[in-house]
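S.K.: Here is how the chains run, residue by residue.
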Amino acid sequence: MIPTATLRLPAAWPLGMLFAALSSRLGGDAERLPEDDILRLVEQARAGDTGARRRLYTQHVDLVYRTVRGMLRSDADAEDVTQDALLTALTSLDRYRPRADARFATWVTTIALNTARRRFRRRRPEITATGELPESAGDAADPADDFDRARQRRVLLAALAELPERDRTIVSLRYGADLNASEIGAIVGIEAAAVRKILERSRVRLGARLGTRSGGQP
Amino acid sequence: MTDDELLDSWTSLDPTNGQRRRVDARVSAWLDAHDTSIAAEWLELVRVSPFGSLTLATVGATAIVTVTPLAWFAGMLVGAVP
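Quick mapping for you: the protein sequence lines, in order, are chains L and B. The numbering used here applies: residue 1 is where the first sequence begins, and numbers increase by one. The numbering used here applies: residue 1 is where the second sequence begins, and numbers increase by one.
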């Protein structure tokens, strides 16, 4: 585990700034690559290709963030867990063993879940009214974070905060990481059929909350 | 609510540009720092700074030019004193 404290390096590092500028400029490699291409990147990154490692990062950073954001109570926690999980994954590629029934994203998501669980054990932050901590002033001016998106996000986080922790984890793995019931079952250690039941129940609960809070249902 | 609708809703949890920039910067800074080879770190230790060297040479030359006549004059004075 890479301690978060060691990662608080100044963002003014030349390569760091260049990488940050490039990745945000390029939209973070938004197009999802097929699994074969991902595995090829893993091989190249293992051989020391930093470009391949960077593409692996950009392929998974949003996926990891949106998955752990559904599990955690604050944006700050989600940022920390995302960076810790991706650093652990990118520096442990030698330990990854491709399997027919589990994609690379499943492996990365498992690391993210373990990282989030360790964080849960360390401390339990207070739940705010919306389940969020305030954003910094810089983020408030973010053009991508428009009003509708922010409202949808707030409603979803509030609905998630009402689910039991295990159910929240399972729905986050399903809808954040786009994993199927078998993959989720393998990660959380329960049968796929049980995962399906929890997903069905959670979908009804979330649907009711989202419908009510977005003004669709009384 | 359908599976697809929830998948679509979840995209609202994607990081904002600011959050993404922060994570990108921290991860790349950590990787850059740990990718630095031992040789590069040693080279960094003995790195010659062109501006620093130029300043040092200028100050040295100025000191020699100004201190030499002063030392000579001081020697003359000391020699003149009985």
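One thing to keep in mind: the hints can contain errors.
Stated by the list, open to error - Restraint ranges, calculated between C-beta atoms of paired labels, are given here:
1. G60/B - R118/L: 22 to 32 Å
2. A61/B - S92/L: 50 to 60 Å
3. D94/L - G60/B: 27 to 37 Å
4. R40/L - M1/B: 32 to 42 Å
5. D35/B - E35/L: 43 to 53 Å
6. V59/B - S92/L: 48 to 58 Å
7. N114/L - A57/B: 51 to 61 Å
8. L7/B - R151/L: 14 to 24 Å
9. L7/B - R46/L: 25 to 35 Å
10. D35/B - R40/L: 19 to 29 Å
11. D35/B - P98/L: 19 to 29 Å
12. M1/B - N180/L: 15 to 25 Å
Claimed, not checked - Sample of chain L residues lacking proximity to chain B, with all beta carbon distances greater than 12 Å (derived):
13. P34
14. V42
15. R46
16. T58
17. L63
18. T91
19. T106
20. R118
21. D148
22. R149
23. A150
24. A193
Said to hold, decoys possible - Incomplete in silico selection of chain B near chain L, CB under 7 Å:
25. S9
26. T58
27. V59
28. L70
29. W72
It should be emphasised that the hints constitute simulated quantities derived from the structure, not laboratory data. Glycine included, every Cβ here is placed at the ideal spot set by N, Cα and C.
S.K.: Which of the numbered hints are not met once you compare them with the structure shown?
M.R.: Violated: hints 1, 3, 5, 16, 17, 18, 21, 22, 23, 26, 27, 28, 29.
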